[in-house]
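With the hints as a guide, dock the two chains, each given alone in a separate frame, to form the complex.
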Amino acid sequence: MTMGDENRFLQSFEIEGKNFGKAGSISTKVKEILQEIGIEPTVIRRVAIATYEAEMNVVMYARRGELTLNLSPTEIHIEVEDEGPGIEDIELAMQEGYSTATEEMREMGFGAGMGLPNIKKNSDKFEIFSTPGVGTSVHIVLYLNQSVRK
Amino acid sequence: MNLGEIKEILKAEVICGGDRLEEEVKYAGASDLMSDVLAFGAPGILLLTGLTNAQSVRTADIIEAKAIVYVRGKRPDKEGIELARQKGIPILSTKFMMYKSCALLHSHGLPGVDEFKKQG
Numbered sequence: 568m569t570m571g572d573e574n575r576f577l578q579s580f581e582i583e584g585k586n587f588g589k590a591g592s593i594s595t596k597v598k599e600i601l602q603e604i605g606i607e608p609t610v611i612r613r614v615a616i617a618t619y620e621a622e623m624n625v626v627m628y629a630r631r632g633e634l635t636l637n638l639s640p641t642e643i644h645i646e647v648e649d650e651g652p653g654i655e656d657i658e659l660a661m662q663e664g665y666s667t668a669t670e671e672m673r674e675m676g677f678g679a680g681m682g683l684p685n686i687k688k689n690s691d692k693f694e695i696f697s698t699p700g701v702g703t704s705v706h707i708v709l710y711l712n713q714s715v716r717k
Numbered sequence: 002m003n004l005g006e007i008k009e010i011l012k013a014e015v016i017c018g019g020d021r022l023e024e025e026v027k028y029a030g031a032s033d034l035m036s037d038v039l040a041f042g043a044p045g046i047l048l049l050t051g052l053t054n055a056q057s058v059r060t061a062d063i064i065e066a067k068a069i070v071y072v073r074g075k076r077p078d079k080e081g082i083e084l085a086r087q088k089g090i091p092i093l094s095t096k097f098m099m100y101k102s103c104a105l106l107h108s109h110g111l112p113g114v115d116e117f118k119k120q121g
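From first to last, the protein sequence lines stand for chains F and X.
Position 14 of the first sequence, counting from 1, maps to 581 under the working numbering, and the rest follow consecutively.
Position 111 of the second sequence, counting from 1, maps to 112 under the working numbering, and the rest follow consecutively.
Bound conformation, chain X alone (with noise of 0.2 Å):
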């Protein structure tokens, strides 16, 4: 699934990587907590959070996700938006909350991180 679908899926507005929607996303995982991401977090996750400031998105970085997704209409704040932007990763937004953001990308066929690693 790529991020443009991604964005379908979820109604989501793009604030910034717009032009990487065409990217495969393989696997999610959502949290709030950046450690429990940080635990769980692989290369090219797509990560769905409610949590706005710039760890989220340093977070991100660290664990190479490929794409964030704020979830609730929450948006990352000035300092977030700026640093994702320099270090390209894509930001969506839904208005979905995480539940139904989870729910409707499991749906339609987007494993959670956990799930694709047991698949190996």
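Chain F extracted, bound-state conformation (with noise of 0.2 Å):
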């Protein structure tokens, strides 16, 4: 962990590729970090959902990855930056329903088009990048104050 100053704090977590047994705790982490900080339930809930969606992304897809929180008096910023595969048309892969997950991934509950969209839906601000063959970047960010929220 590191603080950058006192009114800032970040953290970076690395996630498994493959390893579904491990799969979704870095989200639970970064939900009792923001419990212990005392953040509005309803923003922990909706980084836990876009945090856990895009932590399962990188289980299911990459060889590994990270995840950086970086929390400021007024933002949470979310950075999930894997390698693996990338994602050849991100227009599609944003569509709820279109997915390319293979049977395992849909006998643990995943797979269904929808992370992505889930992802977007629980943030103010999402950003996406990826280069097929190297990897998938994935920036979220919510407002803590919440009549900011555009």
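It should be emphasised that the hints constitute simulated quantities derived from the structure, not laboratory data.
A hint or two may mislead.
Away from chain F, derived, C-beta distances all over 12 Å, residues of chain X [stated by the list, open to error]:
hint: 1; residue: Met2
hint: 2; residue: Asn3
hint: 3; residue: Lys8
hint: 4; residue: Lys12
hint: 5; residue: Cys17
hint: 6; residue: Asp20
hint: 7; residue: Glu24
hint: 8; residue: Leu39
hint: 9; residue: Ala43
hint: 10; residue: Arg59
hint: 11; residue: Arg86
hint: 12; residue: Ser94
hint: 13; residue: Gly110
hint: 14; residue: Gly113
hint: 15; residue: Lys118
Using C-beta positions, here's what the derived DEER-type ranges look like [what the hints assert, rightly or not]:
hint: 16; chain 1: X; residue 1: Ser108; chain 2: F; residue 2: Ser639; range: 46 to 52 Å
hint: 17; chain 1: F; residue 1: Ile657; chain 2: X; residue 2: Ile82; range: 37 to 43 Å
hint: 18; chain 1: X; residue 1: Ile82; chain 2: F; residue 2: Val701; range: 35 to 41 Å
hint: 19; chain 1: X; residue 1: Lys96; chain 2: F; residue 2: Lys688; range: 21 to 27 Å
hint: 20; chain 1: F; residue 1: Lys589; chain 2: X; residue 2: Pro44; range: 22 to 28 Å
hint: 21; chain 1: X; residue 1: Glu9; chain 2: F; residue 2: Ile604; range: 38 to 44 Å
hint: 22; chain 1: F; residue 1: Gln602; chain 2: X; residue 2: Lys119; range: 25 to 31 Å
hint: 23; chain 1: X; residue 1: Ser108; chain 2: F; residue 2: Glu671; range: 33 to 39 Å
hint: 24; chain 1: X; residue 1: Glu25; chain 2: F; residue 2: Pro608; range: 15 to 21 Å
hint: 25; chain 1: X; residue 1: Lys96; chain 2: F; residue 2: Glu650; range: 32 to 38 Å
hint: 26; chain 1: X; residue 1: Glu9; chain 2: F; residue 2: Glu655; range: 48 to 54 Å
hint: 27; chain 1: X; residue 1: Leu105; chain 2: F; residue 2: Glu655; range: 43 to 49 Å
hint: 28; chain 1: X; residue 1: Glu116; chain 2: F; residue 2: Glu655; range: 37 to 43 Å
hint: 29; chain 1: X; residue 1: Met98; chain 2: F; residue 2: Pro652; range: 23 to 29 Å
Don't be surprised by glycine CBs; every beta carbon is placed ideally from N, CA and C.
In structure tokens:
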């Protein structure tokens, strides 16, 4: 953990690709940290859902990834970067119901083509970048004061 | 409706959280797709599912579900039960299939999460 200054909280977590046993544990940790800090429950819930979907994507598709939680007095930034196959067509991947999931992923209860749309729905700002054959990066922002939510 | 009543209606076995059967549940939702659960879930929901791996419990924790009912006699795996104990999520298992489980709870007055949201 690193603390930039007293008003910022910054921590990164390693996500293991294909480790279904541990899948979701980073999101649980993020949720616990935000609860300890005293963030509003409705914001925590949205962060937890977005983070969990992003973490599951890394576990299901990538070799490894990293989630960075960056908290300022006004915003929560979450960056999830992975080393994996990347996404050929992001616009298509953002469509509800579109999925490239394997049978194994579906048996885990995922791969219904709702992951990226769920992340976007639970974020105030959402950005995704991907290079096929290299990896994918998802960046989300949630405002702590929801009256400034856009 | 409390968890004890749900246990009776579904003739369910309590796998963990037997000390929390007095707790009230106001609405329910059912799915084997965890992304769907993440999309429709609301805090305090009763989750009915046939998905027995630890992800079902993890998902319930993320959406702050009140409890999980596993249908068709299914039981969560060992990791799932351990996680549910850690997180304090009661788990029930009923022999009824998903359709009948939902129908029974609904006919006894437990609305779906979408109906509950519409009622405001």
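Discussion item. Hint by hint, where does the structure go against what was stated? Just the numbers, ascending.
Written reply: As far as the earlier hints go, 8, 9, 10, 19, 25, 29 are violated by this structure, in ascending order.
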